[in-house]
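Build out the structure end to end from the sequences listed, making use of the hints.
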Amino acid sequence: MSITRNKILVRRYFEECLNQGKLETIDELISPTYVSHYPAGYDLGGGPADVKQIVASVRRGFSDLHFTLEDFVAQGEKVVARWTFRGTHDGNFMGIAPTGKQAQVAGVAVYRIADGKIEEVWLSWDVYGLLKQLDALPS
19 MSITRNKILV RRYFEECLNQ GKLETIDELI SPTYVSHYPA GYDLGGGPAD VKQIVASVRR
79 GFSDLHFTLE DFVAQGEKVV ARWTFRGTHD GNFMGIAPTG KQAQVAGVAV YRIADGKIEE
139 VWLSWDVYGL LKQLDALPS
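Count along the sequence shown from 1, then add 18; that gives the number in our numbering.
Simulated from the structure, these hints should not be mistaken for laboratory data. Bear in mind the structure is a predicted one, so any value in this text is a computation, not a measurement. Some clues are possibly wrong.
[Stated by the list, open to error] Using C-beta positions, here's what the derived DEER-type ranges look like:
#, residue 1, residue 2, range
1, Gly-63, Val-145, 19 to 27 angstroms
2, Leu-149, Arg-23, 31 to 39 angstroms
3, Gly-63, Leu-155, 28 to 36 angstroms
[As the list claims (entries may be wrong)] Simulated crosslink set (DSS-like; lysine-lysine; CA at most 27 angstroms straight-line):
#, residue 1, residue 2
4, Lys-70, Lys-119
5, Lys-70, Lys-25
6, Lys-40, Lys-135
7, Lys-25, Lys-96
8, Lys-70, Lys-96
9, Lys-135, Lys-25
10, Lys-96, Lys-135
11, Lys-119, Lys-40
12, Lys-40, Lys-70
13, Lys-40, Lys-25
14, Lys-70, Lys-135
15, Lys-96, Lys-40
16, Lys-150, Lys-119
We put the CB at the ideal spot given by N, CA and C, even for glycine.
Structure follows, in structure tokens:
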């Protein structure tokens with residue numbers, strides 16, 4: 019698959035799945051053997067079901083969420099996205115009751131593409147910054 023097609027695939031994931039909440043698109047974009055490497059220790063079993071659970075969880079916690087791609091580069095089978103997430107914490111997220119607070123979080127994800135689907139991701143995002151913005155850090 020070309021670098022251009024790989025970038026289109028990942029951009030569709032951000033726009034259609036994360037920003038628009040089209041969970042059905044995940045089956046089209048995510049490999050059945052998808053593996054995620056998350057810093058917060060998420061292990062939801064892999065594959066499209068893993069991604070659907072995570073996307074649904076974020077969207078439940080922040081109904082007006084929007085991911086902005088700040089930098090977006092690709093080489094070979096890898097696509098790297100530096101992103102900013104913005105939203106209002108109006109639902110339960112990570113065990114934190116809704117606060118009504120606005121949050122802005124930065125992150126970087128490295129996607130590996132195989133056979134026209136996202137096969138693997140390594141993700142790093144500012145969990146501490148999010149918890150601080152939501153006043154959810156232990157005193």
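Each hint tested on the structure:
1. Gly-63 x Val-145: 19 to 27 angstroms: holds (21 angstroms)
2. Leu-149 x Arg-23: 31 to 39 angstroms: holds (37 angstroms)
3. Gly-63 x Leu-155: 28 to 36 angstroms: Once the Cβ atoms are compared, 29 angstroms apart, the range 28 to 36 angstroms for Leu-155 and Gly-63 holds.
4. Lys-70 x Lys-119: Distance ~25 angstroms between Lys-70 and Lys-119 Cα, so the pair holds.
5. Lys-70 x Lys-25: Judged against 27 angstroms, a Cα distance of about 20 angstroms means the pair holds.
6. Lys-40 x Lys-135: Roughly 16 angstroms separates the two Cα atoms, so the pair holds.
7. Lys-25 x Lys-96: holds (9 angstroms)
8. Lys-70 x Lys-96: The given pair, whose Cα atoms are some 22 angstroms apart, holds under the 27 angstroms limit.
9. Lys-135 x Lys-25: holds (11 angstroms)
10. Lys-96 x Lys-135: holds (11 angstroms)
11. Lys-119 x Lys-40: Measuring from Cα to Cα gives roughly 25 angstroms; hence the hint holds.
12. Lys-40 x Lys-70: holds (9 angstroms)
13. Lys-40 x Lys-25: The hint holds at about 19 angstroms.
14. Lys-70 x Lys-135: holds (15 angstroms)
15. Lys-96 x Lys-40: holds (24 angstroms)
16. Lys-150 x Lys-119: holds (11 angstroms)
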